[in-house]
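For the sequence shown, our numbering gives the first residue as 1210, with consecutive numbering after it.
Below 27 Å or equal to it, Euclidean Cα-Cα: the simulated DSSO-like pairs (lysine-lysine) are:
| # | residue 1 | residue 2 |
| --- | --- | --- |
| 1 | K1446 | K1297 |
| 2 | K1404 | K1420 |
| 3 | K1420 | K1325 |
Here are the in silico distance ranges between beta carbons for each label pair:
| # | residue 1 | residue 2 | range |
| --- | --- | --- | --- |
| 4 | G1236 | E1434 | 44 to 50 Å |
| 5 | K1446 | S1293 | 18 to 24 Å |
| 6 | T1278 | R1351 | 33 to 39 Å |
| 7 | E1330 | M1388 | 34 to 40 Å |
Since the hints were made in silico from the structure, they are not lab data.
Ideal Cβ positions, reconstructed from N, Cα and C, are used throughout, including at glycine.
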Amino acid sequence: MFILSAGMAKSGSTLFSFYQKEIIEHGFPENGQARFEQAVEDGQLNGVGHFVHDIDSADTLQTLYSLGTEFGPFVVKTHAPLTSDIKKFLKEHQVPVTFIHRDPRDVIISAIDHGKRIKKENVSNVYFTQFQTVENSIPLVRDFCRAGIDWISSGLCEVFTYHNLVSNPEEEIERFCHMISGTADNQFIRGLIEKYTVSQVPGVRQFNRGKATRFREEMTAEEMEACNTGLSEEIVKLGYTI
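All chains, please: the whole structure from these sequences, using the hints.
Structure follows, in structure tokens:
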């Protein structure tokens, strides 16, 4: 099998997927993580590391399933929206799926930070440079939210949140272990959390602040009002408060 680790961008999805990946490698000695990532590196799959770009491709899904069947479980990360083809495949093949989301207002703050960092470091991936102000980020994040709501309402995924991942990572990791019928002792889990969150370096694995809520401290009253107006439906549907 493979595990699909889906999520909103800037929602702790990278951090969570690294937790998941290490749990698989630790708990399932016969796993396909290295073989899958080698397929990505070799160009057999379009992606980088354990992130796959064209998860909506039937060929990609079938390749992932075949790799999992032959070599054992592995984690695939995606930000893709849930299409009818993906939904059908996941149902038919009973693929375990997780989805992680975050308060849309904090997603905006994090995306703007990421864009500034990209400009400063002059890196090649310029996607987040378009997040320049709170106001111009609202329609972009609205698309993230609507894709997330589709995933959550599908009933296909176990739902996680950035807030819980930061405030109680042990419980969230244990919940993932239970979901995949895997195990990890407390010492391993504590070591895993320390590895990825202690002595953080901005930009490393996208875990920069580790704060459960940022927008109330970092947005102006006008910016918060713009978000609460422009994203009111999405904020409420995702379970957050105006």
